[in-house]
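Number of protein chains: 2
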Amino acid sequence: MTSAGDGLPALMSELRAAVDRALDARMPAETAPPAGLHRAMRYSVFAGGKRIRPILCLLSAEAAGGDRGAAMAPAMALELLHTYTLIHDDLPSMDNDDLRRGRPTAHRVFGEANAILSGDALLTLAFELLAEAPAPPPHPSGALSLELARAAGSRGVAGGQFEDLAAEAQSGVAPERLERIHRWKTASLIAAACRMGAIAAGAPPESVAILGGYGEAVGLAFQIADDILNAVSSPEQLGKAVGSDARRGKATYVALFGIEASRERARTLVAEAAALLKGLSGPTAPLRELAHFIVERDR
Amino acid sequence: MTSAGDGLPALMSELRAAVDRALDARMPAETAPPAGLHRAMRYSVFAGGKRIRPILCLLSAEAAGGDRGAAMAPAMALELLHTYTLIHDDLPSMDNDDLRRGRPTAHRVFGEANAILSGDALLTLAFELLAEAPAPPPHPSGALSLELARAAGSRGVAGGQFEDLAAEAQSGVAPERLERIHRWKTASLIAAACRMGAIAAGAPPESVAILGGYGEAVGLAFQIADDILNAVSSPEQLGKAVGSDARRGKATYVALFGIEASRERARTLVAEAAALLKGLSGPTAPLRELAHFIVERDR
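So the sequences go chain by chain: S and P. Under my numbering, the first residue of the first sequence carries the number 1, and numbering increases by one thereafter. Under my numbering, the first residue of the second sequence carries the number 1, and numbering increases by one thereafter.
Just so you know, these hints were derived from the structure itself, not from any lab. Take the hints with a grain of salt, since some may be wrong.
[As the list claims (entries may be wrong)] Quick list of simulated restraints, FRET-style, between CB atoms: (1) Pro104(S) x Glu132(P): 35 to 45 Å; (2) Arg297(P) x Pro104(S): 58 to 68 Å; (3) Ala25(P) x Glu176(S): 25 to 35 Å; (4) Leu256(P) x Ala32(S): 52 to 62 Å; (5) Asp24(S) x Pro140(P): 19 to 29 Å; (6) Glu30(S) x Ala174(P): 17 to 27 Å; (7) Leu256(P) x Ala174(S): 52 to 62 Å; (8) Arg101(S) x Asp98(P): 32 to 42 Å; (9) Lys278(P) x Glu168(S): 55 to 65 Å; (10) Gly279(P) x Ser281(S): 14 to 24 Å; (11) Ala32(S) x Asp98(P): 45 to 55 Å; (12) Pro205(S) x Pro140(P): 22 to 32 Å; (13) Phe46(S) x Glu179(P): 27 to 37 Å.
Every residue gets a Cβ at the ideal spot worked out from N, C-alpha and C, and that includes glycine.
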């Protein structure tokens with residue numbers, strides 16, 4: 001594998017390719033019945049995502065003193081789960097988006113019912129992969145599944161999306177409420193990605209906690225950066241509709257605090273995240289660089 | 001606990017109450033944030049379901065020579081998962097049903113987006129419960145999760161619903177295709193319920209296989225009985241719309257073979273299921289009676 005010395009972009013594209021190969025090998029083939037459903041699942045999974053969550057998981061395993069390879073199953077599960085949340089968030093009854101990563105959203109291509117089912121099946125497949133990969137000692141065997149379920153459930157991604165939709169229906173959201181939405185909707189899964197990497201590496205609980213703290217801060221910064229991109233990018237750059245948050249009156253950092261204060265907050269979070277990494281035994285340079293990339297990215 | 005000698009109805013209502021108490025204690029409270037989402041989850045879980053799958057799971061643990069109590073976690077997970085499938089199946093883009101168990105469906109009460117999210121969160125919670133309950137030897141620790149994920153995924157319940165919707169759009173479905181839909185959509189989860197009970201009891205693989213065979217046959221019989229009820233019941237009796245299958249041109253046993261041949265096929269399956277039970281070490285009378293109840297029930 002390429003070392004971190006070759007720079008973050010090369011490492012990210014190497015890890016992204018490794019995750020894609022593993023997903024391609026593990027997911028049901030497009031021709032396997034029910035072919036239409038498997039086609040829909042693959043359409044959304046292989047839509048050009050950046051694979052941020054799996055990459056964080058793999059790099060966290062290494063930062064915790066373990067081997068990247070040990071974290072491939074949770075890395076895949078994280079991306080399957082993330083993809084399901086995108087499919088369901090895009091639905092007409094939710095954010096009603098037509099474009100995602102530059103391509104028509106799943107419900108525009110396969111119809112609403114099949115999009116919902118493809119999301120359901122991806123969520124289920126994520127837990128199937130984890131059921132095949134028990135956590136190594138000192139962790140309980142179900143630790144990886146437990147992390148993903150808690151991060152994704154009613155007090156995680158699903159709860160965050162619920163609160164986000166509820167906030168849209170109101171005018172004016174308090175800053176604490178906005179931060180809770182961000183924590184649930186975005187930071188919980190990114191923190192879980194980092195914790196799962198450490199768990200899969202058999203790292204001690206203190207390392208899991210450190211990486212969880214790193215992931216929580218990076219996750220909040222990631223969401224703020226997303227809000228900024230939605231406000232200032234072009235559709236070509238982002239591969240999806242822009243300015244949609246403002247039109248919808250969606251609760252965002254940018255709406256509450258403006259662009260500059262949001263940028264400042266994201267940078268502070270990244271610095272906090274980077275500082276936490278000092279407590280780990282493995283190589284942490286890639287995670288430090290990745291935290292910066294996440295707030296400075298342009299798509 | 002009541003013994004099987006008191007008759008199946010008393011045993012079923014005792015087990016149903018035990019499952020309901022356990023679910024009530026384990027699910028997030030209605031007042032816990034996000035309260036609206038937790039309210040929606042509880043609305044659908046506590047809607048008067050018969051708890052057939054959890055009951056099959058508990059009785060299978062006992063039939064395999066183990067203790068019912070050991071199977072409570074998978075029993076709960078099965079009901080959470082089953083409830084999610086009902087919520088999503090009822091959605092406007094799927095079966096578009098307004099009534100379920102005599103009450104308005106989740107999307108009629110909470111709106112479509114929140115109904116989808118409550119189903120997502122219930123599916124996720126099912127795997128959270130199983131992550132906390134590793135399978136005992138001789139089974140791999142993730143065996144319960146694996147059973148549920150396979151039964152629910154693209155080659156299980158989600159795939160069955162996908163094929164069911166696809167078949168609706170066509171006229172004339174071959175018998176083999178109909179049976180595959182039934183196996184994926186209904187029998188897979190009922191077979192998993194029985195297998196999971198045996199696994200949770202630490203039963204040997206042969207007992208797991210026997211109970212899986214029993215569950216598969218009972219599951220097919222259950223679906224045929226459902227089709228018959230949809231064709232001949234009153235809405236008051238069933239707590240949901242009737243005759244809807246025929247109006248929709250839905251693929252059913254009744255549509256293909258008529259009522260009498262369907263009844264006959266269900267009874268044959270139940271006899272096959274009952275014969276399999278002879279290979280088990282624990283008490284099997286309740287499972288034998290339950291198989292009969294499932295095809296003879298009137299709602």
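### Message
Taking the earlier hints as the rules, which of them does this structure contradict?
### Response
2, 4, 10 and 11
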